[in-house]
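**Q** One letter stands for each residue in the lines below.
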Amino acid sequence: MNEIIDAYSTPGTERETCLTATELLKLMDSAGIHRAVVAPEDREIAVNNTSGNDRILRMAGQSSGRLIPACTANPWLGRSACQELRRSAAAGARMLVLAPALQGFCFGDELPAELLAASAELRVPVYVHSGPHSFGSPTQLLLAAAEHPGARFILGHCGSTDYAADMPAVLASAPDNVWFELSLVRPWAAAAYAKAGHRDRLIFGSSAPRNCPAFELRMLDALLPVQDYPDIFGGNFAALLAEVQS
Amino acid sequence: MIVDCHTHWADCFQSRDGLDPSRWLADEARHGVTHALVLPYLGLLDDRLLRQENDDLAAVCAASAGRMIPFCTVNPFRKVEAVAEFRRAIEVLKMRGLKIHPWLQGVSINSDAMDELCEMAGHWKMPVLFHDGTPCYSLPSQAAMLARRHPKTTMVLGHCGLFEHWREAIAAMRGAENLWGCLCGPHLAALSEIVRRCDCQRLLWGSDFGFSFADVAGYRLGLLQSLRLNDSDYERITAENPKRLLGPVFSN
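As you go down the protein sequences, you meet chains A and B in turn.
For the first sequence, the working numbering gives the first residue as 1, with consecutive numbering after it.
For the second sequence, the working numbering gives the first residue as 1001, with consecutive numbering after it.
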């Protein structure tokens, strides 16, 4: 059986993301997920970048390779953010998470330019949370991706819910350095994206514990069978990670 | 009995089935849904079509043996016409509530016409269901302010804030006793928090089925069942609360 990789989860310590590593691994086992990205929780993305990155790196380090650490850095920290990315990547982080709404910037403006340049140099993909409405729209990310062709971007959630209407045009016109992560995308929409010819850019993610991975996978599998789309459920993301400098 | 409190009758069904709801009902019945509160679709997008759509929706629901409960729409941007059409929908078409989609219809929840429509709805004891979760016209807090101004009118957040404003939806429902919420749109963790923190007597469940042929009811009912509610809360949300909201309109 092909490897299933969950490209986004948030095993956190507060609010709706409370989840221990042990609990996450159990959820993965029950869903048949082999590996999963673990990302810092909201407060860590907004303000406690370093302690959040360290928590995630520790968690991943104790998982026998099943948990893939992501890191974050707030672009408002300027060069310190770049240093934090480099430090985290050197310690094993494989993806940079940006959440414009949490971090207080509009994706597409010049603020994250240095950070994106550093991610490009390290070949670390940049996961960008889409939504809420004014920050992190799919179209903002497309502009930024064209501006930073050396960086590789993953559009988290594909603009769900209210930018879903943009997605056919976004998918059709996305530059080669953009991939699309499917957590919070409803199964019928994900299937439509795949069947419109974009399977090589789509990446499965659950956003556990906001969603239940087993339930989401089961619902997706009914419309987008896992065995028929191994690229979406792991292959595309594995190829992205393979380029990350270690 | 399971009542789906957020569905639509879209033009794709009408093109295929005319005014016959049999296949629409069969799609819902496959998931155990017995009754549905049915909202318009085209009339939300183009107010030139809303009068005809109210007629069609009333006819479709009349052919459903009491399983589909029709809500009308009007466009508050055109106040005089909106008031007249709401009156016609209630008195002539016997529709059971009002759906407003402020974002698509281009009018703020907090507008002069909305105030008048809400007073009418309160007088007739008709609920007003809003699309919510989308700035700048459809925030839960905007609906809460309207609800506070019209305490005799029952209002419903049609999506409980979607993915991004569900915390605001919790605050809105806690801040306005006549504001209800339909569990239709937020992710699982958000649904869990809404159920935990809000008055369960004012919660409904909905699928948003009917925009297209996509089979969405199974997914959203699965989410509700994933919450592992106790039997009485599940019964409240799927059956008892809709009955209290709408009164004696359901068939067996």
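These aren't lab readings, by the way, just hints derived from the structure by calculation.
Do not rely on the hints blindly, as some may be mistaken.
Okay, the calculated beta carbon distance ranges per label pair [to be verified]: (1) A:A146 <-> B:V1249: 53 to 63 Å; (2) A:C18 <-> B:G1222: 44 to 54 Å; (3) B:D1011 <-> A:A172: 19 to 29 Å; (4) B:D1231 <-> A:A222: 23 to 33 Å.
Even glycine gets a Cβ: it sits at the ideal position worked out from N, Cα and C.
**Q** Determine for every hint whether it applies to the structure shown.
**A** Verification of the hints:
1. The supplied range of 53 to 63 Å is met by A:A146 and B:V1249, whose beta-carbon atoms lie about 54 Å from each other.
2. Checked against the given bound of 44 to 54 Å, the beta carbons of A:C18 and B:G1222, roughly 22 Å apart, lie outside it.
3. Taking the beta carbon of each, B:D1011 and A:A172 are about 25 Å apart, inside 19 to 29 Å as hinted.
4. For the pair B:D1231 and A:A222, the beta carbons lie near 27 Å from each other, so the given range of 23 to 33 Å is met.
Going through the hint list in order, the structure does not satisfy hint 2, though it satisfies all others.
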